[in-house]
Structures are given as C-alpha cells and as structure tokens.
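**Q** The residues making up each chain are set out below.
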Amino acid sequence: MTSLTQPFLTVDALHKSFVLHGQGGMTLEVMRGLSFSLLPGECLVLAGPSGIGKSSLLKMLHGSYRVTGGRLRLHFDGDGEEDGELELADLPAHAWHSLRRDVIGYVSQFLRVVPRVPAVEVVMEPLLACGVEPDEARERAETMLARLNLPPRLWSLPPGTFSGGEQQRVNIARGFIAEHPLLLLDEPTASLDAANREVVVGLIEEAKARGAALLGIFHDEDVRERVADRLLPLEAHMGAVLEAAESPSEEIR
Amino acid sequence: MKCPELQRPALLEARGVSRLYGPGKGCEAIDFTLHRGEVLGIVGESGSGKSTLLRVLSGLERPDTGQVAYRSTVAQGHDGAGHEGELDLYALGEARRRALLRMEWGLVHQNPRDGLRLGVSAGANIGERLMALGERHYGQLRAAGQDWMGRVELDPKRIDDAPKTFSGGMQQRLQIARTLVTRPNLVFMDEPTGGLDVSVQARLLDMLRTLVRELGLSVILVTHDLAVARLLAHRLMVMRRGQVVESGLTDQILDDPQHAYTQLLVSSVLTP
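Just so you know, the protein sequences line up as chains A and B, in that order.
Per the working numbering, the first sequence starts with residue 1, numbered consecutively.
Per the working numbering, the second sequence starts with residue 1, numbered consecutively.
Among the hints, a few may not be true.
FRET-style restraints, in silico, Cβ to Cβ [unchecked claim]:
(1) A:Arg210 <-> B:Glu86: 50 to 56 Å
(2) B:Glu128 <-> A:Gly78: 51 to 57 Å
(3) B:Arg213 <-> A:Ser191: 25 to 31 Å
(4) B:Gly85 <-> A:Thr143: 44 to 50 Å
For the chain B half of the interface with chain A, some residues (derived, Cβ under 8 Å), not all of them [what the hints assert, rightly or not]:
(5) Met1
(6) Pro4
(7) Arg8
(8) Pro9
(9) Tyr138
(10) Arg203
(11) Arg209
(12) Leu217
(13) Leu231
(14) His234
(15) Arg241
(16) Val245
(17) Glu246
(18) Asp256
(19) Leu264
No wet-lab data here; the hints were simulated from the structure.
Each residue gets a CB set at the ideal place from its N, CA and C atoms; glycine is no exception.
Please put together the full structure from these sequences, using the hints given.
**A** Quick look at the structure:
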C-alpha cells in the first residue's frame, strides 16, 4: 500500500439502473450520485434497509453488474511513468480474471459450486488459482475450516447437503483464504451462531491489520458496531424511480 | 501494492467471420478475441449458429468471409515445420491446418461416438493422437493410456476394453482423455455434458475445471445449458439468429443481462 492516508478505492457519482425489456423497456434506477472512498485497513459498512442497493454496489465493484454511470477506481502503487490508477467501470472482461484472482475478493450470500466437489477443495480453489502448491493449499484450507468450527468429518463432503450456516462458513473460508487487498462482504454473518460470528469478526480484524480494505453489509448490529470504522448511508442515493420507456423495446419472438 | 498484470496474450481471434447457409442460418459477422487461459462459453438456443461458429473456429468449415487468426507459440512441429506468431487458419494449406488440429488443438464432440473409435480398445483410443505426434514406444503409450484413464476417473483396468462396452458418460470421459493426452493449447467443446445424467454431468464439470486449471487450457465451449456455462466459463457470448447479441463476464451476462434476448433467456431458466 502506498500510505495509510491514500485511499485504495474511490467511487465518484456512481449510477446504476436496469432496463427491463420484458416489462416494456421499463427503467429501474437503483442508485444515483454515490461517491465515497475507502482506505487500506478500513472497514466501511453499507447502511440502510433492504432493497436500497447495498448488494448492487458490491456486485458493481466485483464486476458482476455493469456500471451505468460514474467512476470506480482502484489506486495501486505507481511506477514512475504510470500513476497506478485503474478504472473499473470500463475494464475489458478478460482483465477481471486476474483482478478477481489477485485483488478483489467477494463473500456472497450464497455458496455456488460444482455439485460434487468436497468442501475443503472449494476452499482451496482460490489458492490453487494463485499457484499455491496443493499440499499447502489443503493445509491452509483445513486450518481455516477448523477455525470456523466446521467439523472435520464434513471437510471431504460436498457442501450441497450442508446446513445454511455450514455452507456460509465454507463460503467465508473461501472468501478470506486468499487474503485479497479488497474484500466485499455480503452479509457474511447472516446465518451464523454467536461463536462463529466471533470468528468472522476476528477474520475481519486480521484483514484490516494486514492493510486490506473492506466493504461490507452486516445486518447484525453487534457485529456492525465492532467491525465498522465508518458507516456509509445509502438512503440519499436511492433511485427506485420507475420510468416508462420512451419507445417500446424490440419485441422478442 | 502494484497493479497485477491484467492483459493476457490473445490466442485466437475471429475477425468478421460469416458462414451462412441461408438468411439467419449459420453465423454472421462474428468478432471476438480469446485470451490465453480463458474458458469462453458460446450460449444460445438450438439453431442460433453456435455449432456452425465452432466448426468454423476449429478449422472444420471454411467461412464465407472473415478470418480466424491463431497465435501459435510452438516454434517447431514434429514434422520440422516451424511456425510462430500469427497464423491465418484458412490461408494455411490443408495439411498444415490438419497438423495444427492434431498437435496444438483438441476437439470434443457432443456425441462421444463421433470422437472415438468404438471398435478399438480404450488404450488405443488414447494413444492414437500421441502416435500421430510420433510416439511409438508401446510401454509409454500404454502408461499414458492408464494415466489418463485415471485422470478422467475411468478404471485403468479397462484399458483393453472397447469403448462400445462403456456407458455414455464413460465414453465422454474417454473422449476427453483422448483429446487432452497431447496437451493441446486450445480445446473446442460442443455440448460436452449434453445427453448425460446430471450425476455424471457434475463429475465431468468438476474434472474439466480441474484440467483447465492444471493444464492452463484455453477452451471454447458451446452449450445451451446456462448452469453449465456458469460453472465452467469465464466469459460468455450470447448468440441469436447467427449473431452475437451480447458478450461479457459470465456473471455479468447471467446476473445483469443487457440485451432483451439475453434477459429472456436468463429469466426462462428453471432453477431447482
């Protein structure tokens, strides 16, 4: 990181709307004019009720949603000629592969994996993608799963049949294991008991200590108060304005 | 931290590729770049031109217009024919194009019976492409056969059995072993999990993902199954009536589709 006072992420006048062609081309605006910045080692918590665009913001930062308007920039160390600034809004698709592997980690609300893959391999995968040797990756994955109190008898089983809380812990282990410098957390503690929420708070504190920037959604007030350095209220940027289409969109079949 | 290297070298490029059998039948004005290590999924309904495009890209069918460019890294083939840099697939002679298919590319057919010799043993099926590259040592061919049967989770004890005695899922895995044994740079797959039971599909998907990571394969995958596309492909192109209507990261296409047709396609999927 450059210095602790330089932001790692800056967002300027972010705008997001969906055009629903199946609904006569209706435009659904979910976010407008959002600007903020995030420092290394800082955890910013998105605040506001459901449907206000918290997950949409994380998905735009992860490249899963396209950006309708505004800028999303990461600030890397420059090397003399280049200033190290990377604009995410218009990044070509193939550039996201490396960015997701090395820089931006994402803990989603739901685990989505190939059906028969054992839990421990699901967790190892981000490390293997970075070129970590399989033995070391397995050891680190097992350490992480043990820390999240997932019983060892489950490690070699595919998580498809696990309980919601068990699946979520596999998901958290997978999200934290590669130690990305930017972590996007979509309600990681939603279906966890108190002991495991405690473990997640510990993981977040460690990530902050190593200089990672975190952006998260936490509905649990206790967790939120403990991990948040700042709150980012989204109410003022809520769109949710429905606009009729100017002209009917192309009729499909 | 420094910004990681985000650019990847291009491996295959389609430039204005068209192959039309009639209006809207086939593929039209296709432009895209496949980067090294990428799995590109081509999705769309039956008759959208996916398979025609795959045939053109993989050297099986000459386009009416346009160019397919391949950036080879192999300095010299076994036949002594050196080639490096960009190759225009259809400007090559027939023999060179076939050599490329044999040495650097692999093609996995939807129906394993199109990609296997059903009457000769599983081991001979796997060894055939190696022999075409000049491997003649019986022990090594047999060892490679057993190794690859293990990798695709077939019992190596069945190396002498003919594929006609295998189930459909086993035949598909054998076809994949036969294709990958020569370590191709680029693999084309046409509905590789089509027609298989879902339990077998899952095994095959896991295996393909592992092989892509371990061998650093680049893949162009045609599928109409969006769930398969989500799990295997890094990037998607959506085809309709012979044209690409939308392309982007797999989760972008599936979670935030822009085009009216993609929205219809994605919203029509049944999720169990």
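**Q** Which numbered hints are broken by the structure, listed smallest first?
**A** Hints 1, 8, 9, 12, 15, 16 and 17 are the ones this structure does not satisfy, whereas the remaining hints hold.
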